[in-house]
Amino acid sequence: ELKVEQNPLFLSMQEGKNYTIYCNYSTTSDRLYWYRQDPGKSLESLFVLLSNGAVKQEGRLMASLDTKARLSTLHITAAVHDLSATYFCAVGRYGGSQGNLIFGKGTKLSVKP
Amino acid sequence: KAGVTQTPRYLIKTRGQQVTLSCSPISGHRSVSWYQQTPGQGLQFLFEYFSETQRNKGNFPGRFSGRQFSNSRSEMNVSTLELGDSALYLCASSLGLATFTDTQYFGPGTRLTVL
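Top to bottom, those sequences are chains A and B.
Residue 262 is where the first sequence starts when you use my numbering, and the numbers rise one by one after that.
Residue 430 is where the second sequence starts when you use my numbering, and the numbers rise one by one after that.
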């Protein structure tokens, strides 16, 4: 069974600070997704990382993938309140009873002024 | 382009009842996947449908079932509801089989409460 671990699960940041969320997974995969979920809302796709060394940036968020280490990171630069949400990483795989997307538990980010 | 839509958005049922949830994918998308989200278990895969056929199924009891219609709309049914079925049910659509595509697009979810 593929396991996806995110840490930290809770993150309280001050505006203007930088931080990194980590996503480790237990078996080989070459697809890694990051999603954002606001309270009571659905999942919004942020990044899709499809190869080793892939790096994608959107605004204050940057995601990277190291398939050899089975690790993805989501780096937050100069956090602002609007980034407060829960962030999920999900690993893609081909079939299996866990489905095609196996999610981490999520990191609840709170950015305070 | 309209996104994924789910109906109803909220449901309250009692134990033992059954419920049907509906999902309309993005126009042109042929794959629909269903997920259950709970605070304890997180996001768990239920099943995926493509071209009216179930392609993959998660580890849920047989009380959970689904189907897909020729227009790609999908329904999931939960029979003999239990308290533990209270959850946010999300559907996601993708162009082709979710296995081979880049992104699944999620709907707003149906919040099911079982009393």
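If you are wondering where the hints come from, they were derived from the structure by calculation, not from laboratory data.
All figures in this text were calculated on a predicted structure; none of them were measured in a lab.
Possibly wrong hints are sitting among the right ones.
To be verified - Partial pick of chain A residues on the chain B-facing surface, computed with a CB cut under 10 Å:
#1 Y294
#2 Y296
#3 G301
#4 S303
#5 V316
#6 Q318
#7 R331
#8 T334
#9 L362
All C-beta atoms, glycine included, are put in the ideal place defined by N, C-alpha and C.
Interface restraint verdict for T334/A against chain B (beta-carbon cut-off 10 Å): 20 Å, violated
Status of the hint placing Q318/A at chain B (closest C-beta pair under 10 Å): Given a least distance of 17 Å, the restraint on Q318/A is violated.
Is the interface hint for R331/A satisfied, with its Cβ closer than 10 Å to some Cβ of chain B? 19 Å, violated
Residue hint Y294/A, partner chain B, criterion CB-CB below 10 Å: 7 Å, holds
Can L362/A be said to touch chain B, with a Cβ gap under 10 Å? Holds. Min distance 6 Å.
May I ask you to test the interface hint for S303/A with respect to chain B, counting a Cβ-Cβ separation under 10 Å as satisfied? 5 Å, holds
Does the CB of V316/A sit less than 10 Å away from some CB of chain B? With a closest approach of 16 Å, the V316/A hint is violated.
Given G301/A was flagged as interface, is its beta-carbon under 10 Å from a beta-carbon of chain B? Holds: closest Cβ of chain B sits about 8 Å from G301/A, inside 10 Å.
Given Y296/A was flagged as interface, is its beta-carbon under 10 Å from a beta-carbon of chain B? Since chain B brings a Cβ to about 8 Å from Y296/A, closer than 10 Å, the hint holds.
Going down the numbered hints, you'll see the structure goes against 5, 6, 7, 8, while the others check out.
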